[in-house]
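Student: So the chains spell out like this:
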Amino acid sequence: MEQYKKLKILSPTLREKERYISFKIISEEPVVYSDLESVIWSTLLEFYGELGMSQMSLRIVKNLYNENGQTSVIKCNNKSVPKVIAGLGLITRLGESRVVFKILKVSGTIKSLNLK
Amino acid sequence: MKFFDLHVHSAFSGGTSSLEQLASTAKELGYTGICFAEYFQNENQLKKLKEEIAKASRNVAIEIYLGFEARSPNELHRLVERRKMFDILLVQGGNLKMNRLACETPEVDILTHPENNRNDSGLNQVLLKSAAKNNVAIEVNFREILLASKRTRNSIIRHVSNNVRLAKKFHAPIILCSGGISHFELRDPQIMMSMANQLGLKPNETKDAISRIPENIIKQIKEKKSEKWIMPGVRIRWNNIKN
Chain A
1 MEQYKKLKIL SPTLREKERY ISFKIISEEP VVYSDLESVI WSTLLEFYGE LGMSQMSLRI
61 VKNLYNENGQ TSVIKCNNKS VPKVIAGLGL ITRLGESRVV FKILKVSGTI KSLNLK
Chain B
117 MKFFDLHVHS AFSGGTSSLE QLASTAKELG YTGICFAEYF QNENQLKKLK EEIAKASRNV
177 AIEIYLGFEA RSPNELHRLV ERRKMFDILL VQGGNLKMNR LACETPEVDI LTHPENNRND
237 SGLNQVLLKS AAKNNVAIEV NFREILLASK RTRNSIIRHV SNNVRLAKKF HAPIILCSGG
297 ISHFELRDPQ IMMSMANQLG LKPNETKDAI SRIPENIIKQ IKEKKSEKWI MPGVRIRWNN
357 IKN
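From first to last, the protein sequence lines are chains A and B.
Residue numbers are given in this note's numbering: position 101 of the first sequence equals residue 101, and the series is strictly consecutive.
Just add 116 to the spot in the second sequence (first one is 1) and you have this note's numbering.
No wet-lab data here; the hints were simulated from the structure.
Errors might be hidden in some of the hints.
Said to hold, decoys possible - Straight-line Cα separation of at most 30 Å, DSSO-like style, residue types lysine-lysine; simulated pairs: (1) B:143 - A:111; (2) B:171 - B:318; (3) B:318 - A:105; (4) A:17 - B:318; (5) B:143 - A:75; (6) A:75 - B:171; (7) B:340 - A:105; (8) A:24 - B:118.
Predicted model, so just to flag it, every value in this text is computed and none were measured.
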């Protein structure tokens, strides 16, 4: 059986430039990660559509979600940072509680987000 | 960088949050100052509001301004007569008559949501030339976009983008406000700037719309409220009078 070979890694100049957006959730009650993920995806999909979302390379970084501090990180490409931030502003509810997002930092690496 | 939100409704004007809740959330989001837009009833209400605002600003370290939003020509006339008694004069747009009156009155600071409940954008070249001449800021209201959905949101965004395009062309000032009636309807300045960016403003113009233009409005108000001020470009120099 023929095995698939891994692709050769692209050189840094050919790779898509990524940005990490860290944000804080101000809410009436603590928010669960699954709610956050589904609401972000549904809101942005509704606002920008499938094509718009495909051009953002959006990913919510699960292992950087801090349940105690209510902070999280979204990864996207450098060109769609204003789109993602504007989209976050359209979220009014997470589960049962009303929410406001505070953008903490936009950075090119996770390290420079200074999450700790 | 200083950020201002000059259109927030408290529990005194149909809102659901208290002055302190709104002020503390605004502070947490990174605002330097906010303005509570109230509906004028009488001078006793004005006194009471001033006391409440003084109390809130003592508890929360943020600049708080008192504004009144006129909803009819009569209300606007009454507010223009009492212009020195409060900080910011806003006019509720949407009605073509009110849009025109706001743009043509130099005492007005902000025309709020000119496209509200309309099938068009509510502004044209004539009104925007007057707004630029009288330095009336055209508001981009975030709450309208936030609460609408699907086809309604589509048409609101289209009208707001149209207003932004025309205001840029005729050099009328544009201002970003949340228009929130609850502290959960306030938005981070960065979110407001990103949304304005989607509506057709360039990044430096979005910064101006949330920082420089509101700051200029506040500066002008402080100048107008001083005893030395007579009219734009004319003010008393006490030293000369004494001599």
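Student: Work down the list of hints and note, for each, if the structure agrees.
Tutor: Comparing the hints with the structure gives:
| no. | hint | result |
| --- | --- | --- |
| 1 | B:143 - A:111 | holds (27 Å) |
| 2 | B:171 - B:318 | violated (38 Å) |
| 3 | B:318 - A:105 | holds (20 Å) |
| 4 | A:17 - B:318 | holds (21 Å) |
| 5 | B:143 - A:75 | holds (27 Å) |
| 6 | A:75 - B:171 | violated (42 Å) |
| 7 | B:340 - A:105 | violated (38 Å) |
| 8 | A:24 - B:118 | holds (20 Å) |
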